[in-house]
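Protein chains: 2
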Amino acid sequence: MLGPGDDAALSRVKPGHVLVSTQDDLAEGAHFETRWTDFRRLAHKLLRINLSDLAAMGAVEPVGVLVSAGFPPQAPQRWAGEFLEGLAEDAARFKVPVLGGNLCRARKLFFTLTALGQARPKNIVKRSGARAGDILAGVGPIGDAARGLAELKAGKTGGRFVKAFWEPQPQLEAARVLAESGLATSLIDNSDGLMRSCELLAQESGLGVRFSLGRLLWQAAQADGEDYGLVCTVRPKDWSRLEKILPGAYRIGVMWTERRAAARKPSGFDHFR
Amino acid sequence: MLGPGDDAALSRVKPGHVLVSTQDDLAEGAHFETRWTDFRRLAHKLLRINLSDLAAMGAVEPVGVLVSAGFPPQAPQRWAGEFLEGLAEDAARFKVPVLGGNLCRARKLFFTLTALGQARPKNIVKRSGARAGDILAGVGPIGDAARGLAELKAGKTGGRFVKAFWEPQPQLEAARVLAESGLATSLIDNSDGLMRSCELLAQESGLGVRFSLGRLLWQAAQADGEDYGLVCTVRPKDWSRLEKILPGAYRIGVMWTERRAAARKPSGFDHFR
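For the protein sequence lines, the chains are P and A, in the order given.
One point on numbering: in the numbering used here, the residue at position 148 of the first sequence is 148, and numbering is uninterrupted.
One point on numbering: in the numbering used here, the residue at position 162 of the second sequence is 162, and numbering is uninterrupted.
Any given hint might turn out to be false.
All copies of an identical chain are treated as equivalent in the list; a pair is satisfied when it fits inside any one copy or across any two copies.
[Claimed, not checked] Within a straight-line C-alpha distance of at most 30 Å, the following computed DSS-like cross-link-like pairs (lysine-lysine) qualify:
{"id": "1", "residue 1": "237", "residue 2": "95"}
{"id": "2", "residue 1": "122", "residue 2": "14"}
{"id": "3", "residue 1": "122", "residue 2": "156"}
{"id": "4", "residue 1": "95", "residue 2": "14"}
{"id": "5", "residue 1": "153", "residue 2": "237"}
{"id": "6", "residue 1": "244", "residue 2": "156"}
{"id": "7", "residue 1": "122", "residue 2": "95"}
{"id": "8", "residue 1": "14", "residue 2": "163"}
{"id": "9", "residue 1": "237", "residue 2": "122"}
{"id": "10", "residue 1": "244", "residue 2": "95"}
{"id": "11", "residue 1": "153", "residue 2": "244"}
{"id": "12", "residue 1": "163", "residue 2": "122"}
{"id": "13", "residue 1": "156", "residue 2": "14"}
{"id": "14", "residue 1": "156", "residue 2": "237"}
{"id": "15", "residue 1": "244", "residue 2": "122"}
{"id": "16", "residue 1": "163", "residue 2": "237"}
Note that these hints are calculated values from the structure, not bench results.
All chains, full assembly: derive it from the sequences and hints.
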């Protein structure tokens with residue numbers, strides 16, 4: 001409705017929908033180093049990691065984004081231009097209006113983006129909905145972004161892993177299918193790594209996890225992070241339907257009650273409490 | 001509805017209301033220096049400057065805020081604690097829920113806050129609605145925050161000017177009155193200084209300004225900024241009503257068509273185009 005150019009932006013939220021909001025940052029030293037950063041691609045990543053957080057809530061339609069960036073006085077002028085161009089092109093790709101934001105002077109580079117979305121309450125899937133016996137499943141790559149980061153640090157600038165690091169694919173469509181079909185009983189994205197996401201989902205649902213990951217996935221999950229896939233739970237009877245609807249979904253394990261998980265403690269990595 | 005603890009937050013926007021969103025930052029080196037910063041008060045300021053942007057849109061009711069903060073590894077641990085406590089206490093004071101956000105590691109300190117609000121479309125007042133002949137008016141202090149900043153840099157930590165710098169009063173109530181009464185034809189906040197706000201409002205309305213500020217206000221306005229008052233325009237016939245409704249309102253000048261403003265150019269500071 002009203003974008004940058006006034007004190008604040010105006011947007012419509014459809015009747016019967018709730019507002020979904022999230023905010024995430026990329027900061028120099030924590031998330032990137034200037035010597036291997038392409039600021040156009042950094043803008044893509046900043047947008048996508050926030051869209052991934054919207055997807056992690058279910059069938060969420062993006063409404064718009066607000067962006068802030070701090071540039072040190074000694075930063076090359078073109079960085080800000082590349083960042084803004086990258087943001088505009090990726091926002092257009094995902095059909096998300098840029099509602100506003102700020103460029104300011106800062107001692108070190110930082111970038112913050114807020115993503116706003118809308119969803120019908122019945123299509124929201126929380127982290128806390130898993131039940132004992134539910135199958136834990138994943139969607140999207142594991143470990144590709146971490147490998148891309150290693151390649152970037154080693155001086156590589158292209159290829160599919162570097163692309164996976166800079167341009168993760170937010171799983172908005174998979175999340176929509178999972179939520180609208182009613183299949184997912186809980187949902188989270190795996191931004192901090194697959195194991196960490198499983199742990200958070202289990203915690204929020206008051207359960208443990210009994211893992212049954214294949215060896216290759218298990219190895220990949222030991223050094224992953226920033227893949228921005230999804231982790232969800234489905235009822236056992238719905239597993240075959242899930243595999244049909246989302247052919248790329250893979251099985252991670254089964255949700256256990258804490259008591260059963262605790263009983264299996266000696267066997268190692270097979271649960272969180 | 002759902003706050004921090006899931007991938008994103010959920011909020012309701014009332015039927016018949018539009019979503020109002022804004023985002024603003026405080027960055028080390030640009031907006032503050034650690035040697036004179038109280039992080040509890042910085043959190044107050046971060047919240048209030050964003051609430052001021054909501055107020056600058058008219059009768060806006062805050063819905064919630066999202067916050068991001070980056071702390072360098074060498075920053076004292078207590079800074080993050082003070083910041084979060086300060087945010088929580090001021091958010092409670094303004095009855096605004098903290099919907100979520102992030103603390104991350106950064107090379108230098110930065111703070112970003114997004115404020116979300118809701119308003120009836122008829123109670124939105126843009127920068128662009130001023131008409132030739134409208135009276136330009138201000139609400140709130142001028143120059144207090146700038147004086148407070150000078151005192152802070154000189155080592156002072158208390159007093160009313162330091163308070164004006166750290167804890168500006170967002171004019172949500174004055175904005176509500178201006179919008180709901182239908183008095184204001186245009187509205188902006190004066191965060192970048194009174195003169196700059198007048199210039200922006202005039203630009204957006206395609207007009208010039210003929211100033212009639214008293215000498216004291218004129219002097220104060222030469223070295224102001226960060227006061228977070230309001231600047232608005234009202235029809236000449238509504239001036240006396242404005243003075244009754246908002247007793248603190250002061251007269252800044254009159255809006256002119258560009259042609260008349262240009263004709264007066266030789267006299268100096270009396271217009272913007």
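Verification of the hints:
1. Taking CA atoms no more than 30 Å apart as the test, residue 237 paired with residue 95 passes in neither setting, with 36 Å inside one copy and 45 Å between copies.
2. Taking identical chains as interchangeable, the C-alpha atoms of residue 122 and residue 14 lie at most 30 Å apart whether they share a chain (14 Å) or sit on different chains (18 Å).
3. Taking the shortest Cα distances, residue 122 and residue 156 never come within 30 Å of each other, neither inside one copy (45 Å) nor across copies (54 Å).
4. Taking identical chains as interchangeable, the C-alpha atoms of residue 95 and residue 14 lie at most 30 Å apart whether they share a chain (17 Å) or sit on different chains (25 Å).
5. In the homo-oligomer, the alpha carbons of residue 153 and residue 237 never lie at most 30 Å apart, since the shortest distance is 45 Å inside one protomer and 67 Å across protomers.
6. With identical chains, the CA atoms of residue 244 and residue 156 are never at most 30 Å apart, being 37 Å at best within one copy and 68 Å at best between copies.
7. For the homomeric pair residue 122 and residue 95, the shortest alpha-carbon distances inside one copy (24 Å) and between copies (27 Å) are both at most 30 Å.
8. In this assembly of identical chains, residue 14 and residue 163 lie within 30 Å of each other by CA distance neither inside one copy nor across copies; the values are 34 Å within and 41 Å between.
9. In this assembly of identical chains, the alpha carbons of residue 237 and residue 122 lie at most 30 Å apart only when taken from the same copy (21 Å versus 51 Å across copies).
10. Proximity of residue 244 to residue 95 under the C-alpha cut-off of 30 Å is restricted to the intra-copy arrangement: shortest distance 28 Å within a copy versus 47 Å between copies.
11. In this assembly of identical chains, the alpha carbons of residue 153 and residue 244 never lie at most 30 Å apart, being 39 Å within a copy and 65 Å across copies at closest.
12. With identical chains, the CA atoms of residue 163 and residue 122 are never at most 30 Å apart, being 34 Å at best within one copy and 46 Å at best between copies.
13. In the homo-oligomer, the alpha carbons of residue 156 and residue 14 never lie at most 30 Å apart, since the shortest distance is 45 Å inside one protomer and 50 Å across protomers.
14. In this assembly of identical chains, the alpha carbons of residue 156 and residue 237 never lie at most 30 Å apart, being 45 Å within a copy and 68 Å across copies at closest.
15. Taking the closest pair of Cα atoms, residue 244 and residue 122 come within 30 Å of each other only inside a single copy of the chain (23 Å); across copies the shortest separation is 48 Å, beyond that limit.
16. Proximity of residue 163 and residue 237 under a CA criterion of 30 Å is satisfied in neither setting, with 36 Å inside one chain copy and 62 Å between copies.
Comparing the model with each earlier hint shows violations of hints 1, 3, 5, 6, 8, 11, 12, 13, 14, 16; every other hint is respected.
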